[in-house]
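A.B. asks: Note that the protein sequences, when read in sequence, are chains A and B.
FYI, our numbering numbers position 42 of the first sequence as 42, with every residue one higher than the one before it.
For our numbering, count along the second sequence from 1 and bump the result up by 109.
Careful: at least some of the hints might be erroneous.
[What the hints assert, rightly or not] Over the 10 Å line for every Cβ pair with chain B, so calculated as not near, a few chain A residues:
{"#": "1", "residue": "G38"}
{"#": "2", "residue": "R71"}
{"#": "3", "residue": "E103"}
[To be verified] Below 35 Å or equal to it, Euclidean Cα-Cα: the simulated DSBU-like pairs (lysine-lysine) are:
{"#": "4", "chain 1": "A", "residue 1": "K61", "chain 2": "A", "residue 2": "K48"}
{"#": "5", "chain 1": "A", "residue 1": "K25", "chain 2": "B", "residue 2": "K216"}
{"#": "6", "chain 1": "B", "residue 1": "K228", "chain 2": "B", "residue 2": "K216"}
{"#": "7", "chain 1": "B", "residue 1": "K171", "chain 2": "A", "residue 2": "K6"}
{"#": "8", "chain 1": "B", "residue 1": "K171", "chain 2": "A", "residue 2": "K106"}
{"#": "9", "chain 1": "A", "residue 1": "K48", "chain 2": "B", "residue 2": "K243"}
{"#": "10", "chain 1": "B", "residue 1": "K228", "chain 2": "A", "residue 2": "K10"}
Read the hints as simulated data drawn from the structure, not as lab findings.
Every residue gets a Cβ at the ideal spot worked out from N, C-alpha and C, and that includes glycine.
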Amino acid sequence: MRSFQKNLNKFNDAGIRVVGISVDKPEQTRKHMVQEAGYTFTFLSDPKLETIGRYDLVHVKELASGRDISRPAEFLLDTSGTIRWRMVTENFFVITRPEQVLEAAKALP
Amino acid sequence: MKRINWQIWAGFILSLVAGFSYPFVFVRWPITREFPWANLLLFAIAIVLLFLGLRRAFKPDKRIVSKIFSSLAAAFGVFMLAALLFLIFVMGSWLPPSSAAPQVGQKAPDFTLTDANDKPVALAQLLTEPINNKPPKAVLLIFYRGYW
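Could you build all of it, start to finish, from the sequences and the hints given here?
C.D. replies: See below:
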């Protein structure tokens, strides 16, 4: 997340809209992500895990939080809404790097 | 004056450093996070030191106390290494299978969700609203655990 914020100019220049989705409620995102951590990209709130469920990303009773949350995953969509690249990591310690997404986006029209 | 068994002490301290430098330091960079090269190197040195210290402590002229202490220190070093490997390679993969997650080439499932300003936002808006006064080329959806 932090590395995407740091590289946000590169994403904006490439015409890529960065959107974070989690179970956090809007007020939690405002307080912790926007005010405290200084994130400026779009955040969407899915506290009932409806969209997270539709993408099959629900992590039931995640160990550290004890709650149902989203597992980490990234999807790059073209403007028709088709998925052109994705990363559904199989290990928490293998996290998507901004360069990987920027590289994948070069193939888009 | 008796000389201290510096190898066992150095090995003990280095195995502490090797273990805790992962969550506090090396987790920051992908190259040292995805595979713990730096930590394994530190552990290799620590284990050599522990082995030398252990060998020295088990010479016949050494006291039983130093034998016990050295054994505990060496066991601790091995435990730290095992704990780090368990954390990264076992606990790190405790994720759901997500076998039905949408694939490349498929349409992304539609949604309308509330943004941080309490406004509803549809996927269609994300795909069309301009970025820096230009039409967007792509949308990157990042699903994440939440702020904590």
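A.B. asks: Against each hint, give a clear statement of whether it holds in the structure.
C.D. replies: Against the structure, the hints:
{"no.": "1", "hint": "G38", "verdict": "holds, 13 Å"}
{"no.": "2", "hint": "R71", "verdict": "violated, 5 Å"}
{"no.": "3", "hint": "E103", "verdict": "holds, 12 Å"}
{"no.": "4", "hint": "K61(A) to K48(A)", "verdict": "holds, 14 Å"}
{"no.": "5", "hint": "K25(A) to K216(B)", "verdict": "holds, 26 Å"}
{"no.": "6", "hint": "K228(B) to K216(B)", "verdict": "holds, 24 Å"}
{"no.": "7", "hint": "K171(B) to K6(A)", "verdict": "violated, 57 Å"}
{"no.": "8", "hint": "K171(B) to K106(A)", "verdict": "violated, 67 Å"}
{"no.": "9", "hint": "K48(A) to K243(B)", "verdict": "holds, 33 Å"}
{"no.": "10", "hint": "K228(B) to K10(A)", "verdict": "holds, 26 Å"}
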